[in-house]
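Peer 1: These protein sequences, in sequence, are chains A and B. Start counting the first sequence at 6; every next residue gets the next number (our numbering). Start counting the second sequence at 450; every next residue gets the next number (our numbering).
FYI, nobody ran anything at the bench for these hints, they're computed from the structure. Certain hints may be false.
Away from chain B, derived, C-beta distances all over 12 Å, residues of chain A [unchecked claim]:
no., residue
1, D258
2, A276
3, S413
4, G621
5, G628
6, G678
7, V736
8, Q737
9, Q744
10, P791
11, N929
Restraint-style ranges between C-beta atoms, simulated for each label pair [to be verified]:
no., chain 1, residue 1, chain 2, residue 2, range
12, A, D992, B, C457, 22 to 30 Å
13, A, K618, B, A461, 33 to 41 Å
14, B, A461, A, G573, 43 to 51 Å
15, B, V473, A, E641, 52 to 60 Å
16, B, C457, A, F605, 24 to 32 Å
17, A, A917, B, T521, 28 to 36 Å
18, B, C457, A, T964, 27 to 35 Å
For the chain B half of the interface with chain A, some residues (derived, Cβ under 10 Å), not all of them [stated by the list, open to error]:
no., residue
19, C454
20, R495
21, A498
22, G499
23, P500
24, Q508
25, W514
26, V516
27, E525
28, S542
Predicted, not measured: the structure shown is a model, and the values here were computed from it. We put the beta carbon where it would ideally sit given N, CA and C, even for glycine.
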Amino acid sequence: MTSENQAFRLAGRGVVDRSKTFSFTFDGIPYEGFAGDTLASALLANGVHLVGRSFKYHRPRGILTSGSEDPSALVELRTGARREPNTKATVTELYDGLEATSQNRFPSLRFDFLAVNSLLSPVFSAGFYYKTFMWPASFWEKLYEPMIRRAAGLGRAAMEEDPDSYDKANAFCDVLVVGSGAAGLMAAISAARSGARVILADESFAFGGRLLAENRTIDGINSAAWVKAAIGELSSLSNVRLLPRTTIFGAYDGGTYGAVERVADHLVKPAPGQPRQRLWRIVAKRTIVAQGATERPIVFGNNDRPGVMLASAARSYINRYGVAPGRTAVVFSSNDDGAATINDLANAGISVAALVDARPALPDAITARAEALGARIFAGGVVSDAIGGSRVKGACIIDASGATHTLSCDLIIVSGGFNPNMQMTTHLGGRPQWRDDLAAFVPGAMPKGMTAAGAANGSFSLASCLAEGARAGSAAAADVGFDAKPIAIPASDEESNGISAFWHVDRAKHKAFVDLQNDVTAADVALAQREGFSAVEHLKRYTTLGMATDQGRTSSVNGLAILAQLTGKTIPATGITTARPPYSPVSLGALAGEHRGKHFKPTRLTPSHNWAKEQGAVFVEAGLWLRALYFPKPFETDAQTTVIREVNGVRNGVGVCDVSTLGKVEVHGPDAGKFLDRLYINMMSTLAVGRARYGAMLREDGIMMDDGTAARFAEDRYFVTTTTVNAIKVVQHMELCKQWHWPDLDVQIVPSTDQWAQYAVAGPRARDLIARIVDKPFDVSNAAFPYMAVAELTALGGIKARLYRLSFSGELAYEIAVPARHGELLMRTLMEKGQDLGVIPYGTEALGVMRIEKGHVGGPELNGTTTAADVGLGKMASKKKDYIGRVLAERPGLTNPDRPRLAGFRPVDRAARLRSGAHFVGRNTEPVAANALGHMTSVAYSPSLGHWVGLGFLSGAETRMGEIIRAYDPVRGEDTLVEVVSPTFYDSEGARLRV
Amino acid sequence: MRISCPHCGERALDEFSYLGDASVTRPDPAAADAADAFYTYAYERRNIAGPTQELWYHQAGCHAWLVVTRDTRTHEISDVKAAQDVALERVNSTTGAA
């Protein structure tokens, strides 16, 4: 195909690069366009106006605008995993090989089966979700909802995983300029010349905004050429960062702005290593909103037909892209800017059949020009309806006297005035102000550091945009301490900006659309008002007006103006709905960035992780950590077999478990003991140097926070451990206590979880193994290093180490710690030197089984609702001192003897299996909630006892010892008789750990 | 939102975590009305529309607790102090009075 096929391309116009021809397809048909085109301009160059079907009624839709506000030119872009629905053709940058497909049509765009919805429109009117399909209720899920979902809706999301990567970046600047039209460029230049760090962002791939779209003269040269020079200057300055293809989508607290840079959306796919999009967080001391204004349509019959186009869009296609959007136009306006479009149409060789303007009188210059072009002039007239289906064929015009005229045309150019793009000024709660002279809302009070300039501020003329932008730029720079001098304002050609508010042709015969994307008509607005939804926020939600991905940028003000007419109120009294981020859609991929799949959160690996992997360990997530759950042998087919072997290995020989994930904290200082006394329920200041003690800490409300051990290495040097999952929380709590509650205590807290690799060495042969690890002459005998002893020493020939005689398993046990970098060496050496002792590695599952056998509480018992007394630690609480949580732990509710307390449970039928989560009820009691006595929290098959054992909380546990009760589990349909016993099932005297 | 840590400078919100009202302090556990005072301290917190003093923790920074004066209506932060300095002042003034 050659460029002759671009039959609507205009010779010698526009800023597209005609030396670069791009091929693309739409619905499988090949077309050509040029570099610098959007998909919309390239389609129009080939005479394609019909691009999709609408949301509810499946009406044919075309290209209304030339920007990110477009409500109707939505297509599916790309295929397969990269398929992206609801992409606006008006901002999609054309690239060679682009594939686009129309949406929401069946079986084809031109013949749509579900266009019958249009005939059913009474069913789909405002609030239909709330009123129709209500009966019978069971039909909703099975019939109505699937039917509506099939009939309504837009594009299809890709069903495969997104193959692209997304980047996140931060930027800081003195002045952020949003938008690069006349005001934005002048603002950026004036701020940049003072030396301020400037970021200039524009959502388009080309800087210049409307200066590219209008045929204007600045300082004697064409406006597009002036842009080139301005960008040339800015890109030569090292204090300026230019961000094209970047939408600033939201304003946040403290001068923070969210932005998406479409890094590779103009390529078939990103280059290797290149992100598709980049999410910027920009922190700006000052921000200038120069996002221009959005033209609003006039609401008339069939105003959604392909071929109805905003005047500003028609000028964009002619002047920026060199494309004629049609051959014969009718212009329908309410303002000078729209009416003046006849000049651009004439320049492009498009014949102007008529100029229809709602105002009774037009400026002489426009009238004279229209007459010269041979256009019929209907001052005080309206276009009541468009004629045609999948393309405009004509216009019905009602003149000032009420007479009807029908004219042939393939293009209806419409302009109802402009709405400043001031969404960003309201993101933090600001309210816009109505200006009668502009018939538009303009920014009201703005967040600190933000100003608006140019059309975004309601200053629509080119001269005022240039001047206001320059002023805003130097003011912003001066505000943050730069010596910003006023810069010369370039001269621009003259224009007129008269407007008379006009919204809606109430004499339309056909459906007149307010919101094209959500298919909301003027009749829907009237219906909502009749049914009492006459507050703007109610109107919005009842009709869904303005709730689509276009954020109602072409519809909101029209909708509320129609509502105002119906209620007899003024527009400012009617109010405006709140604009919230994002300004235009942001892909979830960009928001997620690298945080997807396994990278959603960091994975922490222990120092000997690779060793465990080599052994074939099965891992489990514990907080952010990966811990070895168990170490299956090749011949072991189920986890239970492995765990039983590991438990027996420890109880009869020696095993090693990686406990490096335990939280570790150094607590140093003359007041360290006093400080820990106030944190733990038991005394720590009385702990002897060289000893460790188990401790529990509470929250201030009296509930258990965490447990662990405290070891004392010197008078002023403690080392405490926390549970794996609470490591960060406990340090935060300690810092709060130190800095906020007791700032006068002389104590320092240093978290050291990552600094130490730590291993539990447990079992009757543990001493034999430890003796081979620690350096001589350290004596590990029971007499020299008894239960609960701790020491700093060296191991493995001079490596700094710490040895603790602690036991979680209930066996003779040690925990030995070395600096993290030696962890793997220590693990390998333990395995090697313990070979003849039968040493085995064991995982957290065997650890868990042994702790249940011993009746130690773990995560399921410390569940944020239990007190120290509940978990059997009541006697540990000191009466001699205050500590966090003491006062509230003594509340009557928490000391009530009927509270469920920790107990052990064993099945009466020793072959029966226990289940955590089962509820306890009396043996002869009905299993209903009112009779519940507590529940099972942890269960395990005990290899040491040969049957299942459980821990749980039981009301009146102390008085029920030996009682038979029911463990009732309605979820699994089980009902098991259990005997209430002590929670310590194994070696209740603790003889094994003191040997 | 951005918070100016007295030790680290101005940082983004995601470096910090929030605790709650900094205008209340842990009551005297030895007082006769300690049970009521702790109950009020733990549970009865005000929900102010306007400037509030809040405790924030610089988790991803220096581990300092901060007293941040923030207007809950606008999120404007008018003052940030190290909590330890505020607490020391409180302790010293109490000691002075006693």
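Peer 1: Which hints from the list above does the structure break, by number from lowest to highest?
Peer 2: Hint check: 1, 7, 8, 9, 12, 17, 18, 19, 20, 21, 22, 23, 28 fail, others pass.
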